[in-house]
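Student: Residues per chain, in single letters:
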Amino acid sequence: MAALNLARLIAVAADTIATHAEELTALDQAIGDGDHGLNMKRGFEAVRAEADLFAAKPLPDALKAIGTKLVMTVGGASGPLFGTLFMALGKEIAANPDRANLTAAFGKAIEAVAARGKSQVGQKTMLDVLQPVHDALAGGKTAAEIADIADAAAEATVPMKALRGRASFLGDRSIGHMDAGARSTALLVRTLGQVIGESA
Amino acid sequence: MSNVGIVIVSHSPLVAEGTADMVRQMVGDEVPLAWCGGNGHGGLGTSVEAIMGAIDKAWSEAGVAILVDLGGAETNSEMAVEMIGEPRAQKIIVCNAPIVEGAVMAATESSGGASLKEVVATAHELSPS
Chain A
1 MAALNLARLI AVAADTIATH AEELTALDQA IGDGDHGLNM KRGFEAVRAE
51 ADLFAAKPLP DALKAIGTKL VMTVGGASGP LFGTLFMALG KEIAANPDRA
101 NLTAAFGKAI EAVAARGKSQ VGQKTMLDVL QPVHDALAGG KTAAEIADIA
151 DAAAEATVPM KALRGRASFL GDRSIGHMDA GARSTALLVR TLGQVIGESA
Chain B
1 MSNVGIVIVS HSPLVAEGTA DMVRQMVGDE VPLAWCGGNG HGGLGTSVEA
51 IMGAIDKAWS EAGVAILVDL GGAETNSEMA VEMIGEPRAQ KIIVCNAPIV
101 EGAVMAATES SGGASLKEVV ATAHELSPS
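Those protein sequences? They're chains A and B, same order as listed.
When you line the first sequence up against the numbering used here, it's residues 1 to 200, in that order.
When you line the second sequence up against the numbering used here, it's residues 1 to 129, in that order.
Next up, chain A with everything else stripped away, as it sits in the complex (with noise of 0.2 Å):
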């Protein structure tokens, strides 16, 4: 795996986040409390500031301050998860990771995530996303295609009712709409990819 690009995968993350803020807030507030884009957008845009800093460690150091920041600049419940997805992934992985051990480091961070937020796949949330991810990666798929399974994966969240979260409080009025933490999840596994790619 070529070396990662990781101002450039800042940059492209934040752009993303921004660009798609007003559509994560408009599912957030469809089942939820309606300020997730505005959360990831004020998380990343302070990643961002920041970028040639994280750019500047080591991968694994990086990884944890970027966590540590969206944990504390993001808010809300996403904050925690977000933070600790990139915080454990930054414990996990390798200075100049090979698919095995990224795929390893994907899976802890995934557990992470479970545990910080109580909950498993199927509960309509980021991990509905992040686990069909991991198995893409430890299938060997490109990055396209892996993009194109995490945003059928957020899709797939759009029949499930919601167990964990706000939109839990809905019970069967969840079902139908997509959570916004599973399509941001997507976003920025395409971001990844799109990085990663440019630079193969």
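Heads up, a few of these hints could be off.
Claimed, not checked - Computed Cβ-Cβ distance ranges for the label pairs, DEER-style: (1) A:Ala49 x B:Gly113: 43 to 49 Å; (2) A:Pro58 x B:Asp29: 45 to 51 Å; (3) A:Ala152 x B:Arg88: 40 to 46 Å.
What the hints assert, rightly or not - With a straight-line cut-off of 20 Å between C-alpha atoms, the simulated EDC-like cross-links for lysine to aspartate or glutamate are: (4) B:Lys91 x B:Glu49; (5) A:Lys64 x B:Glu30; (6) B:Lys91 x B:Asp21; (7) A:Lys118 x B:Glu30.
Hint data in this document are derived by calculation from the structure and do not stem from the laboratory.
We put the beta carbon where it would ideally sit given N, CA and C, even for glycine.
Guided by the hints, dock chain B onto chain A, whose structure is given.
Tutor: Relative to chain A, chain B alone:
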């Protein structure tokens, strides 16, 4: 102070402050007390940084009980405890209790010199599960 500290974390600063007022009315200055609410940017929400600050403010060697409202407040509080780290983290407990009743009951228990375990148990008695 040796009494267990109470931290109130709501999505709304008005709810958090109002709850703290009700606690003060019961226990005066007998109990270390701090509250936080809002996302730090003028909106509803909770902030890990603000929660860590509130824990510092209400810190007691006897421990700190945190009362929260909705899910994000709980997740952010648990994250704040983890970031504070040991040895203090083992003396901080996020309660599963309604925020107003829990805070008032927990503070009242604390004001009598109860242990962290007793304070938290009193709050937990308010939750059906």
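Student: None of the hints should be skipped; say for each whether it holds.
Tutor: We went through each hint and held it up to the structure:
{"no.": "1", "hint": "A:Ala49 x B:Gly113: 43 to 49 Å", "result": "holds (47 Å)"}
{"no.": "2", "hint": "A:Pro58 x B:Asp29: 45 to 51 Å", "result": "holds (49 Å)"}
{"no.": "3", "hint": "A:Ala152 x B:Arg88: 40 to 46 Å", "result": "holds (44 Å)"}
{"no.": "4", "hint": "B:Lys91 x B:Glu49", "result": "holds (19 Å)"}
{"no.": "5", "hint": "A:Lys64 x B:Glu30", "result": "violated (40 Å)"}
{"no.": "6", "hint": "B:Lys91 x B:Asp21", "result": "violated (24 Å)"}
{"no.": "7", "hint": "A:Lys118 x B:Glu30", "result": "violated (35 Å)"}
Violated hints, in rising order: 5, 6, 7; the structure is consistent with all others.
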